[in-house]
Amino acid sequence: MTKLNTYEAAVAAYEPVLGLETHIELDTNTKMFCGCSTTFGAEPNTQVCPVCLALPGALPVANKAAVEATIKIGLALNCRIAEWTRFARKNYFYPDMPKNFQTSQYEEPLCEDGYVEVTVDGESYRVEIERVHLEEDTGKTLHVGGATGRIHGATESLVDYNRAGIPLVEIVTRPVPGTGALAPEVARAYTAELRDIVRSLGVSDVRMEQGSLRCDVNLSLNKSGDEWGTRTETKNVNSLRSVERAVRYEIRRQSALLDAGDKIHQETRHFHEATGETSPGRSKEEATDYRYFPEPDLAVMEPGREWVEELRASLPEPPRQRRERLQAEWGLGDKEMQSVVNADAVDLIAATIAAGASASGAVKWWLGELSRRANESGAELGSLAITPAQVAELQGMVDDGRLNDKLARQVIDGVLAGEGGPAAVAAARGLEVVSDTGALEAAVDEAIAANPDVAEKIRGGKHAAAGALIGAVMKATKGQADAGTVRQIILDKLS
Amino acid sequence: MGERTIDQTAAHIAEAIREGRTSAYSVTEAFLDRIDAVDGTVKAFLHVDREGALATAAEVDAAIAAGEELGPLAGVPIAIKDVVVTKDMPTTAASKILEGWIPPYDATITERVKAAKMPILGKTNLDEFAMGSSTEYSAYRQTANPWDTGRIPGGSGGGSAAAVAAKMAPLAIGTDTGGSIRQPGAVTGTFGAKPTYGSNSRYGLIAFSSSLDTPGPVARNALDAALLHEVISGHDPRDSTTIDAPVPPVVEAARSGASGDLSGVKLGVVKEFAEGSAAAEPGVVEAYQAGVDQLVKLGAQIVEVSCPSFTYALPTYYLIAPSEASSNLARYDGVRYGLRAGDDGKRSLEEVMSLTREAGFGPEVKRRIILGTYALSAGYVDQFYGQAQKVRTLIKRDFEAAFGECDALISPTTPFIAFKFGERTGDPYQMYLADLYTIPTNLYGGPGVSVPVGLSEGMPVGLQVMGPVMGDDITYRVAAALESTQETLLADTAPEIEGK
Chain L
4 MTKLNTYEAA VAAYEPVLGL ETHIELDTNT KMFCGCSTTF GAEPNTQVCP
54 VCLALPGALP VANKAAVEAT IKIGLALNCR IAEWTRFARK NYFYPDMPKN
104 FQTSQYEEPL CEDGYVEVTV DGESYRVEIE RVHLEEDTGK TLHVGGATGR
154 IHGATESLVD YNRAGIPLVE IVTRPVPGTG ALAPEVARAY TAELRDIVRS
204 LGVSDVRMEQ GSLRCDVNLS LNKSGDEWGT RTETKNVNSL RSVERAVRYE
254 IRRQSALLDA GDKIHQETRH FHEATGETSP GRSKEEATDY RYFPEPDLAV
304 MEPGREWVEE LRASLPEPPR QRRERLQAEW GLGDKEMQSV VNADAVDLIA
354 ATIAAGASAS GAVKWWLGEL SRRANESGAE LGSLAITPAQ VAELQGMVDD
404 GRLNDKLARQ VIDGVLAGEG GPAAVAAARG LEVVSDTGAL EAAVDEAIAA
454 NPDVAEKIRG GKHAAAGALI GAVMKATKGQ ADAGTVRQII LDKLS
Chain W
25 MGERTIDQTA AHIAEAIREG RTSAYSVTEA FLDRIDAVDG TVKAFLHVDR
75 EGALATAAEV DAAIAAGEEL GPLAGVPIAI KDVVVTKDMP TTAASKILEG
125 WIPPYDATIT ERVKAAKMPI LGKTNLDEFA MGSSTEYSAY RQTANPWDTG
175 RIPGGSGGGS AAAVAAKMAP LAIGTDTGGS IRQPGAVTGT FGAKPTYGSN
225 SRYGLIAFSS SLDTPGPVAR NALDAALLHE VISGHDPRDS TTIDAPVPPV
275 VEAARSGASG DLSGVKLGVV KEFAEGSAAA EPGVVEAYQA GVDQLVKLGA
325 QIVEVSCPSF TYALPTYYLI APSEASSNLA RYDGVRYGLR AGDDGKRSLE
375 EVMSLTREAG FGPEVKRRII LGTYALSAGY VDQFYGQAQK VRTLIKRDFE
425 AAFGECDALI SPTTPFIAFK FGERTGDPYQ MYLADLYTIP TNLYGGPGVS
475 VPVGLSEGMP VGLQVMGPVM GDDITYRVAA ALESTQETLL ADTAPEIEGK
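Chains as they are written, first to last, in my numbering: chain L, 4 to 498; chain W, 25 to 524.
Be careful, since some hints might not be right.
Below, a list of computed lysine-lysine pairs in the DSS-like style, where the Cα atoms sit at most 30 Å apart [what the hints assert, rightly or not]:
| hint | chain 1 | residue 1 | chain 2 | residue 2 |
| --- | --- | --- | --- | --- |
| 1 | L | LYS143 | W | LYS120 |
| 2 | L | LYS93 | W | LYS120 |
| 3 | L | LYS143 | W | LYS111 |
| 4 | W | LYS444 | W | LYS420 |
| 5 | L | LYS266 | L | LYS238 |
| 6 | L | LYS238 | L | LYS143 |
| 7 | W | LYS138 | L | LYS93 |
| 8 | L | LYS143 | W | LYS414 |
| 9 | W | LYS138 | W | LYS120 |
| 10 | L | LYS496 | L | LYS409 |
| 11 | L | LYS93 | W | LYS321 |
| 12 | W | LYS295 | W | LYS420 |
| 13 | L | LYS67 | L | LYS143 |
| 14 | L | LYS338 | L | LYS409 |
| 15 | W | LYS390 | W | LYS414 |
| 16 | L | LYS67 | W | LYS111 |
| 17 | W | LYS295 | L | LYS93 |
| 18 | L | LYS481 | L | LYS465 |
| 19 | L | LYS6 | L | LYS238 |
| 20 | L | LYS67 | L | LYS93 |
| 21 | L | LYS266 | L | LYS226 |
| 22 | L | LYS93 | L | LYS238 |
Derived from the structure by calculation, the hints contain no laboratory data.
Keep in mind that this is a model prediction, so the values were computed, not measured.
Kindly generate the complete structure, drawing on both the sequences and the hints.
See the structure below:
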């Protein structure tokens, strides 16, 4: 068994240094070096051509839209955009890489020297970006017949080249020291911020669960005042929560090794979603020599300064700035806004407000009932089958007194079940508040007759006792009465 | 010139077809029959497509009958070096690793040849993956020099050169990475042109060394080559290293050169090519010098230029080309196409890849992959690949400086005449020397042609004309002028081949 320290003991004794490498699949219409479609989920090997299959003689041509998207990302990360940049070949053999080299960038990346500001617990951290470069994705290998799904023990290996050649942007941070016990949260906040920035640019759907945003987490520990320690690189950490857990686990694992006087091996490690643990992958000492050299099949790129400035001018409001603005507009406290961000609800709430809801109403529904539904079904908030416009409509019906909260929740059931918009569901399910006072008065009279002792207490001035009668009326009307109206009728009758 | 169709130049054949004096079909048939008659001896072809060639020829005849306007080489048959992919026609790069592979697409060059309505006779032999100077490294057959079937036809494009020299094709496509069009041209008495790098598309040319590979024409004289040059050249959006500029007017240059006037043209002779061990063998020097004298008679002025970095061209080439090759040839792993060896269901993926490459690649290809892998390895890349790139820049500067003093450079194409089979396979360096004078042009990126200049020991000798980048026209002009001094084209004086 791997020995682990408690997290508290680990961060009391050691200072972590973080580093993050993130791969983002761009959602260009065509692949990086050919005209094949990039649509996700097509039949295997249907989106391929001589170029992305690396047939003899085929040559790449760089996709300008991908270059543009990468420059936008670089600008949004406060990078310097290269005036002269080129591709390079990273040579290694792997069956899902058709050329047995990856066309990437090496010494001359498209963007360099940027930073991202993140806030954790009210504290601001600047994560420095070393480089942003453009490369191509590999295909996908499926190992069939083995117990583990890995190549070991498999009877057959199938390769799907649909993904081969999809443009991939790699964003590499400089080492991030000084985060102390908050290292896991800083790693998570950085990844979330990066995702939001890229999403705001509209160049990738950045969906971690579909692999369009993938993280490698580097971590080392050192005693205060000492030099930085040997790092491990945990590959393919594919959710925000996993980023946090992977950092936490490595801090606990490495500190236990160091306490025992052992050395940390520089190696890549796998992250296991189920247990939150990491396990050793390939050791860096036996790592492949990639034999990088400039790609002779592609022309050098010299992004014109005018073009770069045009792109800079076209950038949307940065997510962090936008959040600060919205927080002020919505009148939310820091904690509440943090909940909105954590629930990934900023855009949903903004859209709901834009559709006419009040800020408090929009926040209430998305953070309350709808977050609960999402959690229950393990879905993301944004993937629920209800639109911001429908939430706004629902809130409007509550504001008008046509729905109470209980009925509104039933309306949500209907909307999520695909029965239509809120008004349609309310009508079809008969969920409107009973506003016919004649019917309500009759129900109140019945309740009074059935509960003479309660009625007596109210007559005696104990207005709080009205709750019992309200409950009876609500039960009789199947919840379709407005509680305030019922209360008023009861008090009128018994005073 | 003889009376037979196969003795005619491409320009004459094209004209005869256009004017209805002959049909594309009968022309194509004549060349196919010639292949049947002598290729058993010469062994220039790896694949012959009789049916396809005749079908194209029939289309041309129908189009002419219908009064359609056709390109300048319509109906003129052509052979294509088997390193250029041809849809639905086997393409092997003369390697076992691609045996049986049928490309699903056409190279840009192939497309342009097809668009020009030129019947494709078949695919010609070469050194495996175009690595070699004798075609002896073909995995399939040993092509003979039509002038002496005991000798090599040059390489790597020995098949294309021998096919043209033996009159099995009036024209052929070659590729030139370090001299693979020009050196075979020189030793077979044919005309070969390596165009400016980037003026001809490499899309569909099976890569050996991407920054050096250049497809170009193989012909019997400058004008035929120029006609083909204009058919295949020009920018290609599928090859981002092609130059988006008009093709130099090589046909016009070949015609103007044929008038035999070179007054005002300054030709540079590279001092370093004549010094010490770099000097060509005496018979070659003699034939070349006689050619230089002819050029002077036509009005050309000869100046000596110094290109000190040319001394390092050969080692520079043998670092850059193998480095790129080691990466370009990585794709031949048995996973997607071609040979797969040792896949018995028990061996690992790495073992199968390794066994495939062991079985599929020949000795010269392996030598270069190992050389290139080493030159790019961590710890060595700076002193080998990196250093070679720096010298390459110096060689470019030498050319640029030289073209400040003259219009074109001239030299023998290769230091020695066609050698006998097996003479140089034992010592790679001796083989590499064949490209001593052609390699600098590839490293620079400019154009170079080899034009037959005379004989030594009864074997052809070539004169090379090198021009500035995108100055292909001057090389054709000088070469055509030299041809104009010859009573008979050297290509027409080859001994008759005994059929087998």
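Quick rundown of the hints versus the structure:
1. LYS143/L <-> LYS120/W: With a Cα-Cα distance of about 28 Å, the restraint between LYS143/L and LYS120/W holds, given a limit of 30 Å.
2. LYS93/L <-> LYS120/W: holds, 27 Å
3. LYS143/L <-> LYS111/W: Given that 30 Å is the threshold and the Cα spacing comes to 28 Å, the pair holds.
4. LYS444/W <-> LYS420/W: Since the Cα atoms of LYS444/W and LYS420/W sit roughly 34 Å apart, the hinted pair is violated (cutoff 30 Å).
5. LYS266/L <-> LYS238/L: holds, 20 Å
6. LYS238/L <-> LYS143/L: holds, 16 Å
7. LYS138/W <-> LYS93/L: Between LYS138/W and LYS93/L the Cα gap is close to 36 Å, so the pair fails against 30 Å, i.e. violated.
8. LYS143/L <-> LYS414/W: violated, 39 Å
9. LYS138/W <-> LYS120/W: Roughly 27 Å between the alpha carbons, so the hint for LYS138/W and LYS120/W holds.
10. LYS496/L <-> LYS409/L: holds, 26 Å
11. LYS93/L <-> LYS321/W: violated, 55 Å
12. LYS295/W <-> LYS420/W: Distance ~16 Å between LYS295/W and LYS420/W Cα, so the pair holds.
13. LYS67/L <-> LYS143/L: holds, 25 Å
14. LYS338/L <-> LYS409/L: holds, 27 Å
15. LYS390/W <-> LYS414/W: holds, 26 Å
16. LYS67/L <-> LYS111/W: holds, 29 Å
17. LYS295/W <-> LYS93/L: Roughly 41 Å separates the two Cα atoms, so the pair is violated.
18. LYS481/L <-> LYS465/L: holds, 26 Å
19. LYS6/L <-> LYS238/L: With Cα atoms ~21 Å apart, LYS6/L and LYS238/L stay inside 30 Å; holds.
20. LYS67/L <-> LYS93/L: Given that 30 Å is the threshold and the Cα spacing comes to 21 Å, the pair holds.
21. LYS266/L <-> LYS226/L: holds, 14 Å
22. LYS93/L <-> LYS238/L: holds, 18 Å
Violation of the numbered hints given earlier is confined to hints 4, 7, 8, 11 and 17; the remaining hints are satisfied by the structure.
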